[in-house]
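Asks: Going down the list, the sequences are from chains D and H.
What the first sequence shows, in this note's numbering, is residues 1382 to 1995, in sequence order.
What the second sequence shows, in this note's numbering, is residues 1382 to 1995, in sequence order.
As the list makes no split between identical chains, a pair holds if one copy fits it or if it spans any two.
With a cut-off of at most 27 Å between alpha-carbon atoms, the simulated DSS-like pairs for lysine-lysine come out as follows: (1) K1688 / K1406; (2) K1965 / K1635; (3) K1722 / K1635; (4) K1659 / K1512; (5) K1406 / K1965; (6) K1513 / K1659; (7) K1688 / K1635; (8) K1635 / K1406.
Hints in this document: simulated from the structure, not taken from any laboratory.
Protein chains: 2
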Amino acid sequence: MDAQQLRELGQQYRVDSVRCAAAAKSGHPSSGMSAADLMAVLVANHYRFDFDDPKRAENDRLIFSKGHASTLLYAIFRSAGAITDEELLQYRQFGSILEGHPTPRIPWVDVATGSLGQGLPIGVGMALAAKKLDRLPSRVWVLCGDSEMAEGSMWEAFEHAAHYELDNLTAIIDVNRLGQRGETMVGWDLDTYRDRAHAFGWQTIEIDGHDVEAIDRAYTEAAGTTGKPTVVIARTIKGKGVKEIENQPGWHGKALDHPEQAIEELGGLRNIHVDVAKPEPAQAHTFPGGKLELPRYDVGDEVATRKAYGDALAALGAARGDVVALDGEVSNSTFADIFAKAHPERYFEMYIAEQQLLAAAVGLSRRGWNPFASTFAAFFSRAYDFIRMAAISRANLRLAGSHAGVSIGEDGPSQMALEDIASLRAIHSSIVLQPCDANQTAKLVAAMADAEGIVFLRTLRPNTPVIYGADEEFTIGGSRVLRSSDDDDITLVASGVTVPEAVKAADALQEDGITARVIDLYSIKPVDAETLQAAAEATGRIVTIEDHYPEGGVGDAVLAALAENGERALVRKIAVTEMPHSGKPAELLAAYGLDAEHIADTARQVVREAVSTA
Amino acid sequence: MDAQQLRELGQQYRVDSVRCAAAAKSGHPSSGMSAADLMAVLVANHYRFDFDDPKRAENDRLIFSKGHASTLLYAIFRSAGAITDEELLQYRQFGSILEGHPTPRIPWVDVATGSLGQGLPIGVGMALAAKKLDRLPSRVWVLCGDSEMAEGSMWEAFEHAAHYELDNLTAIIDVNRLGQRGETMVGWDLDTYRDRAHAFGWQTIEIDGHDVEAIDRAYTEAAGTTGKPTVVIARTIKGKGVKEIENQPGWHGKALDHPEQAIEELGGLRNIHVDVAKPEPAQAHTFPGGKLELPRYDVGDEVATRKAYGDALAALGAARGDVVALDGEVSNSTFADIFAKAHPERYFEMYIAEQQLLAAAVGLSRRGWNPFASTFAAFFSRAYDFIRMAAISRANLRLAGSHAGVSIGEDGPSQMALEDIASLRAIHSSIVLQPCDANQTAKLVAAMADAEGIVFLRTLRPNTPVIYGADEEFTIGGSRVLRSSDDDDITLVASGVTVPEAVKAADALQEDGITARVIDLYSIKPVDAETLQAAAEATGRIVTIEDHYPEGGVGDAVLAALAENGERALVRKIAVTEMPHSGKPAELLAAYGLDAEHIADTARQVVREAVSTA
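Assemble the whole structure, with the sequences as input and the hints as a guide.
Replies: Right under this line is the structure:
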């Protein structure tokens, strides 16, 4: 399109932003209006996308990191013929896929945005996928707001994109100066953004974001730049085109008071169709697969489940070309380095930037790869918002968190994940697993690769005894009954490091004439309600033991499962109730009541209480 | 001290790092050794701190953002006479306060570190406290690792420190090039750090981090720089002084193989005493207080609890000079802007940088102020690791999260907090509150100011009816029974937006001859176990209703409280079980089963089931 047509298209996007927000009586039209020219030039002259086949690997990707500018995105969809005008005007209605912020319920949207500062780091993951894995010339375009440049995650993305020389990535910053409640820290000082981006290794282009010819040149320059990503820093006016709201505070996230008048001022309704260019057909690179040969460990050996994770992941990588791995600069602790050595082309070092770690995994997942991301379980908390949003993005992520709980020992509480089970169980349609031995870990790692949604595997720092044979099968949602008889007095439900302790406790109880059923609850979500139910019915009393704080962990998962079935067993939780200290693992397990001796004591007490109240 | 003495002191710190790690057989001595000269010059010639009175407001603060270099910090404490040599050698033992990473169990440590990238943003909070609130010349010194410069939170700190012109803040980057598993992205390219820091508005000084005279000059220059913070970028050698490990990969987080030999190479044990200078006595600024006059709302009016939060916080600010507020660029949504207008000197805009928001609150708290931090409840997930660490720091934080749950309506799932109760309940010794009306909110805001630990107040976007009189009292850990009789058939436990729905459901049930007890569970942690217990005993069946995902929320809190007391009531949870969409609040409450009609339906079903199985 020529300049005049582009300007008209920009006005159409503004009109449509005003219209759909007016119909919804909410939305962020002023934020769409500032970026309308930036997007008009992009979709008309630079973007290559097959609306009929949005999953094609050759497609460019467009991410609205400023997801609140959704009116503009949906206006683009209308101009491309992807949605009708009627559908546009259903914006934000309950039945519509055109939600307040974009989600992948819309076929042409890859990831959910709306929590600011996430689109660019996810774009880094997509650009990594295109350049290093798919090896296609597809480009990733990310529209960023200027307010979200205050999010540290944006600078993680800047650093990583430059480090990985992602010249297929273009960030477009819509510098309209105004945030929700006032001016940004940087305002219209474009040079500051330029200096920062430069210092982080990017090509920079400063333009007037309403000069369509300058925009067009900028995108051409961006596409032609090699060896580094490009940021287009565009000075824009919030609410551009409607005098009443132009560059005025107080107009963020509001439909206009006088939409009809605004539409008239903008030149009225238009129906320009954009014939978005389709990408050249090309074949994405794939990595060969093979037969899955999981590692095998001998029963009785002592192996850390984190080590088994690394071994199994490397084996999985050999079997499946779609598996990729990322780690947050602790791969020699999580043992992701075993995969990195075996499959260096499919390993991405994310350094100490957990938000970027997660975001890259989301981007890789949504480009069809199968990402396993690892760090200490405690440090996934750094990226919790990204995990929350990944669920809305319908990403399939496999997260391996090592060094869980007090059993890590001397490093102390900052490194001990003790709220990870709770926080990750609360993620929509998540899966939470905690194996206790190496063979079980290997089987679960293989199962993770085919799971839908966000799977969290909690691994342990210390060695634990191998108690399962290498041919035993473990499935998501299962459990293992390790001790059982027809006249069990009590059930011990353990997971991870507390499983061998519970087994030892059962032995000790046996000497007192108390027979304990022992359940290895390796799948905490979904949980094996049937086995728990049967145990509750058979024994009437349950003790749960977890290396985690009491809220939202194994014990609460058991209580919830029993409640679901209307079961009213007596349940006592053992969990870490104090702020833990440094110390030796065995000292800490004892101090917080998680070792065999304390488990047996609690079980004896529960049996006594139950007898005395019976 | 002169140069020769400083060099000797640096060597002492190295020797002590080697010694205590050797005794513990773990720790990160090589990371302490790179920064030993940097710290020797600081504590001997620049740092002003009263070890006998560490809480004095006039004291400088020293934060080890690279908390794993704790051997160095403890070596400093020995040199200052704060701990004995014997205590030093108890490093990482269970009984010792000298944990693997520093925590405030140590009297001279203000905040816990060990999750990287947190010390500097917390330092920003402390520097804000010193400069803008205490108005004392005290300085904040933060020792940063180079690996942690990859954390986005560091750049949030850089931007905010410059924005607030914190010339009392000095960051010292120990650029030893090596992370845990290899080289950083930047390596020894000091100019890159300089350019980035410059672009973020800082004064920069590049030095050889082992040249004590250069270090001394750098600190003098930093202390003399006005209007902006200073970063000292120091090229150092990891493991400096011991040839076997100097600048070698593979020596992160390990005690040395040959400590005796290393100590000899370093010149042997030293016992140099540092007489750390005490600060000049001075009086910290305080803000006047007054009588607390909380806002009062009329029963029957419709008011959003987020609005009541803002009103109450402003009133609290008038009554108490220690109360300060911060917000993440949404103060016109959280209504923190009411406080900001009333008390501009005690309000800090943190822009869209939730990690810095939390970190600043931690810093303010640990300097004796009483910070209330607000953003959308969903966006506290962005700072979850900071909240986790704040608990280890024993910070007293008051967090107000607005726009919780599906009741926000059209903005869609990215803005809906639905895992916040679960994730915040799991924080050690946290308090989780969710008021349903404006008067209740006001009372709880006042109660928050005196609470220990991390208090989370979940507020609502829509207006809800005022149901409590302005003189009713609400305490943390309480609940309110809204409907009750001697022959209740069932108990409805609601919280927040579901309270008025539960009341309406009880009315509807009454027409069917079912009498429902209704409990407003405004304190979710700690929970009023006694009232729940009494209800369980009286009615035998409970339905919980929460605008939250099912895991770890109100329902699980109820189950856990009942289990604690050995109570076996039938509990049915109503929660959001699908990924929600955009829509009108009422449509969404209905769609996810949270409105009066669906609550009544579920209650009828539970009563029927219970009857049929009886």
